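Below are the chains, spelled out letter by letter.
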Amino acid sequence: MRFEKSVTHRPPAGIVLAAMLLMLVAWLLGCSSPSVYDQYREEPVVECLLVAGEGVEEFKLSRTLPVDSPYDSALAGITGARIVISSDRGDSTVLRPVPGRPGIYESPRYIINVRRRYRLRIILKDRIITSETVCPDTFSLMPLSKTVITYLKDQPVVRWTPSRGAAAYYISITNLERSPQKIERPFADQDPYADRKSRFYWTLGLETVIYPWLHNYYGYHILRVYAIDENFFRYLQTSFQNVREMTEPESSVTNALGYFGSAVLRKTTYILVE
Amino acid sequence: MGANVFLAGTGWGAATNKSGYFAISHVPPGKYTLHVRFVGYRSRKMVVEILPGKFLSLRIALRPQPIELQDVEVSARYYREEEKNASTVAMPVARLRGLPAIGETDLLRALQLLPGIQAVNELSSGLYIRGGSPDQNLILLDDITVYNPSHFFGFFSTFNPDAIKDIRLIRGGFPAEYGGRLSAVLDITNRDGNRERFESRGAVSLISSKLLIEGPLPRGSFMISGRRTYLDLLLSLSREDNLPQYYFYDLNAKVNLDIGQGDRLIFSGYLGRDNLHFDRKEQNVTTGDINIGWGNRVFSAQWIHLFGPRLFARFVLAASRFQSLIDADASGFTVIFDNSIQDYSAKANLEWFASPQHYAKFGVWLTRYRFFNAIRIGENTGFENRIASRPIYLALFVQDEWRPSPRWKVLAGLRANAFSDGPHIQLDPRLQIRRQLTNRIGLLFSLGSYTQYTTVVVNDVASFADLWYPIDDTIDPQRSQHYIAGLDVELPWSFSLNVEAYYKPMQNVVEFRESHNPNRDKLKDIFYVGRGLSRGIEFFLQKRSGRLTGWIGYSWSRTTRTFVHLNAGKPFPAKWDFTHDLTITLSYRPASKWQLGATFVYKSGPTFTVPAGKYRLGPPGFPIDYIRAGPKNGARLEPYHRLDLFISRKFQLLGIRGSANLNIFNVYNHRNVWYRDYDFRELNEPPKVTDVRLLPILPTLEVTFAF
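The listed protein sequences correspond, in order, to chains V and R. Residue numbers for the first sequence follow numbering that gives the first Met the number 0, beginning at 0 and rising by one. Residue numbers for the second sequence follow numbering that gives the first Met the number 0, beginning at 0 and rising by one.
It is worth saying that the hints were derived from the structure and are not from the lab. Some hints could be false.
What the hints assert, rightly or not - Pairs of lysine to aspartate or glutamate residues, derived as EDC-like cross-links and limited to a Cα-Cα distance of at most 16 Å, are as follows:
no. : chain 1 : residue 1 : chain 2 : residue 2
1   : R       : K687      : R       : D676
2   : V       : K181      : V       : E273
3   : V       : K152      : V       : E131
4   : R       : K523      : V       : E229
5   : V       : K196      : V       : E183
6   : R       : K17       : R       : D186
7   : R       : K687      : V       : D67
8   : R       : K521      : V       : D67
9   : R       : K17       : R       : D231
Just so we're clear, the structure is a prediction, and the values are computed from it rather than from any experiment.
Using the sequences and the accompanying hints, generate a full structural model.
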């Protein structure tokens with residue numbers, strides 16, 4: 000038989016021995032374990048959304064904290080920073096710290112204008128943080144066709160006129176009730192924000208959305224539509240953190256995390272959800 | 000495909016092409032003995048006479064050989080010849096059957112054991128080839144592109160080994176006849192069917208049963224093969240509520256028809272589907288249900304025509320679709336995800352056996368795609384998102400295999416690609432040079448340029464949710480260049496050694512942004528666009544014949560990605576970067592009825608990102624807690640290692656031949672780490688850290704039969 004002629008009857012012992020040695024080496028090499036946390040390095044975090052027609056109400060400057068320590072807002076707030084916001088028209092303001100709220104700064108009399116470029120400069124002991132944003136143009140929000148709506152049944156359309164320079168539109172819906180009744184939603188146990196009174200949503204390039212069902216509660220709500228700049232849009236777009244992949248929001252400030260954005264908030268509408 | 004045809008005592012010979020055709024030109028007149036050899040078939044020899052100025056046309060049929068005789072010297076020689084092409088692995092199906100498996104032999108899992116090919120984890124049959132992701136591989140089944148070659152959330156591949164005739168994997172440097180992908184080509188040809196008699200074979204395992212029937216037709220042959228799992232039937236026996244019902248099936252069919260001298264029609268089809276149904280019950284009342292169905296449908300019609308003795312043509316019309324549909328209903332609240340990619344292709348491939356020195360191929364490939372992705376949440380709720388795109392891909396190629404002397408082979412080609420969304424036009428030159436230094440030692444150099452116009456968002460734990468996207472006018476197509484240098488050595492005792500080093504830069508590679516995209520977006524809003532680099536060296540020592548066969552494969556490789564917005568713009572290791580990868584497979588036949596197999600895998604641990612801090616940030620009035628990441632993929636989990644065993648005993652019962660196969664996966668029960676989970680739900684407390692582990696020891700039994 001050809002099969003019998005063609006096979007080679009070599010003792011396999013040498014190969015098996017070599018294979019076993021390789022397995023042993025591999026096994027020994029396998030004895031190591033990585034560290035649980037990376038070395039902590041303190042980094043500043045900027046949170047600021049300038050809103051046209053309003054002053055700089057709440058500028059947050061905080062720091063990252065070690066992974067294995069509790070999060071303490073007072074400990075996280077950075078004090079003693081010099082924060083300057085200036086515009087392309089030459090005007091500027093130095094933000095002052097809000098007493099009793101570490102890391103919060105304000106300049107309520109410095110009014111933000113549409114279509115202006117604003118620059119941020121923060122001087123800390125070890126670094127200078129900079130960023131800039133261009134505030135989008137004005138726009139109008141159309142009245143809702145219905146303001147009393149039944150949960151998951153009605154679908155009013157939210158419409159607005161386009162805003163020049165807006166990278167996207169941000170919609171937030173906030174419940175105004177003191178003790179609102181909870182909406183029983185499927186998979187709510189999987190939602191880390193199922194107890195929040197506010198929810199948010201964004202839409203790209205469209206000036207019309209069918210009313211987004213983002214509520215956790217029944218009752219009166221306030222709906223806000225913002226025309227937002229590129230910096231805040233990039234933050235929103237990457238704001239969901241996949242912890243397994245350890246993804247993070249995109250930063251629009253140099254030498255720090257966070258965003259320095261601007262927006263136009265044109266109108267608010269009150270809605271009763273039944 | 001790939002049968003050796005040669006005239007004894009001369010240097011004249013050829014290998015048959017994909018459709019079984021060959022041409023030996025410029026043979027002086029005279030009488031010769033023609034030998035034909037092909038793995039799995041009995042060799043034939045016949046006396047032929049070449050007359051002056053005449054062409055001799057022959058139709059040669061080979062008889063199948065019993066499977067236990069297949070892995071003999073002749074097949075070893077053929078496959079060694081195939082593997083002298085750059086980065087090519089030709090895998091006999093018989094060899095797959097001697098490898099340990101989970102439940103049953105799996106093609107993609109077997110290929111994961113080759114050097115240069117990584118599995119991101121043991122739950123996935125995806126192929127990460129030389130730093131490329133699975134979507135960068137062109138997977139062809141009878142010339143049809145298969146987009147999602149997996150069942151059971153990626154655990155099994157769609158290819159039923161019983162239906163396969165030939166497997167050709169090109170890990171890099173592939174010639175101009177292939178294109179549209181950056182990394183590799185897996186070209187699978189299904190069995191044509193037995194032209195002489197009816198045959199059937201099948202298998203029953205703990206997971207599935209399968210059956211193949213093949214036989215002659217009046218002017219051709221057919222093959223039909225099916226497989227179905229029965230986990231759903233087993234689970235239905237349980238009294239436990241809230242158990243999911245799951246099964247998958249697939250069906251392969253092929254018909255060959257001779258319609259005249261030199262004309263043949265081939266119809267080939269594949270249908271595969273996974274179905275998962277889950278009823279959530281509370282106190283015997285259904286409170287919700289989820290139906291998930293996904294699968295591929297592919298069909299091709301081929302017309303093979305000889306324009307003359309030296310000009311062979313194959314015209315293909317093909318359609319391929321992958322669709323996944325998720326329909327969930329919880330207390331009247333519905334969510335529907337509908338996702339599909341469709342491909343309608345027409346191809347014309349011509350092969351010109353110009354002279355003993357020149358073998359040219361040229362052709363055209365036209366594809367009309369349809370990408371569709373829709374999400375609907377609730378009825379009349381306003382949550383509806385649709386993306387539909389219908390781009391066209393056109394490619395023209397020409398290549399020539401030139402043998403200026405017996406020791407030199409040059410394969411040069413050019414592929415021109417065009418894509419309507421953009422539009423984009425690219426030229427991809429390819430070159431491969433082989434120099435045979437001695438009868439036993441050969442050197443090889445290969446370089447080429449590659450372009451890809453599609454990409455995919457991969458879901459690691461649910462392969463059915465993979466979303467394919469065509470590129471658009473906001474980003475350029477993905478490009479890569481392959482630089483390969485190789486050495487192959489024929490060693491004594493039927494050993495062979497192949498060493499290849501490669502360097503593969505990639506441009507415009509994409510990484511999914513972790514973002515919600517409630518509207519139709521441009522691709523620049525869905526993906527980060529950056530660069531990639533993969534380089535490595537692979538050692539592949541094989542023993543193909545004898546009682547003991549197998550291989551030792553080792554690869555050292557580094558694969559990095561660089562994106563402006565990730566990891567502070569610094570390069571970081573890809574998730575599938577495994578620096579060291581060692582695989583040993585052995586198959587031993589101590590007696591004619593027994594076969595033993597073992598596979599040992601050791602590789603560097605998977606990369607992961609270690610947390611370095613925590614911070615709070617959010618839109619106004621909506622604080623969100625974040626974890627500050629350390630260097631992206633900057634740490635590694637513990638190395639991966641596993642040993643699998645296979646024991647097979649042939650039997651004959653009531654005239655039925657068969658075998659009983661015992662597979663033991665992960666023999667020493669080493670629970671490898673899949674990923675490290677950090678639970679940060681309580682931000683005011685340190686996170687809970689858990690290493691999520693993979694499969695334990697898993698014995699499975701399979702019985703095969705044939706009659």
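Verification of the hints:
1. R:K687 / R:D676: 8 Å, holds
2. V:K181 / V:E273: Cα-Cα ~11 Å, so holds.
3. V:K152 / V:E131: Violated, because 43 Å separates the two Cα atoms, which is more than 16 Å.
4. R:K523 / V:E229: With Cα atoms ~13 Å apart, R:K523 and V:E229 stay inside 16 Å; holds.
5. V:K196 / V:E183: Holds, at roughly 14 Å.
6. R:K17 / R:D186: Satisfied, since the Cα-Cα distance of roughly 10 Å is no more than 16 Å.
7. R:K687 / V:D67: 10 Å, holds
8. R:K521 / V:D67: Violated: R:K521 and V:D67 sit about 39 Å apart, past 16 Å.
9. R:K17 / R:D231: Not satisfied, since the Cα-Cα distance of roughly 39 Å exceeds 16 Å.
Of the numbered hints listed earlier, those contradicted by the structure are 3, 8, 9.
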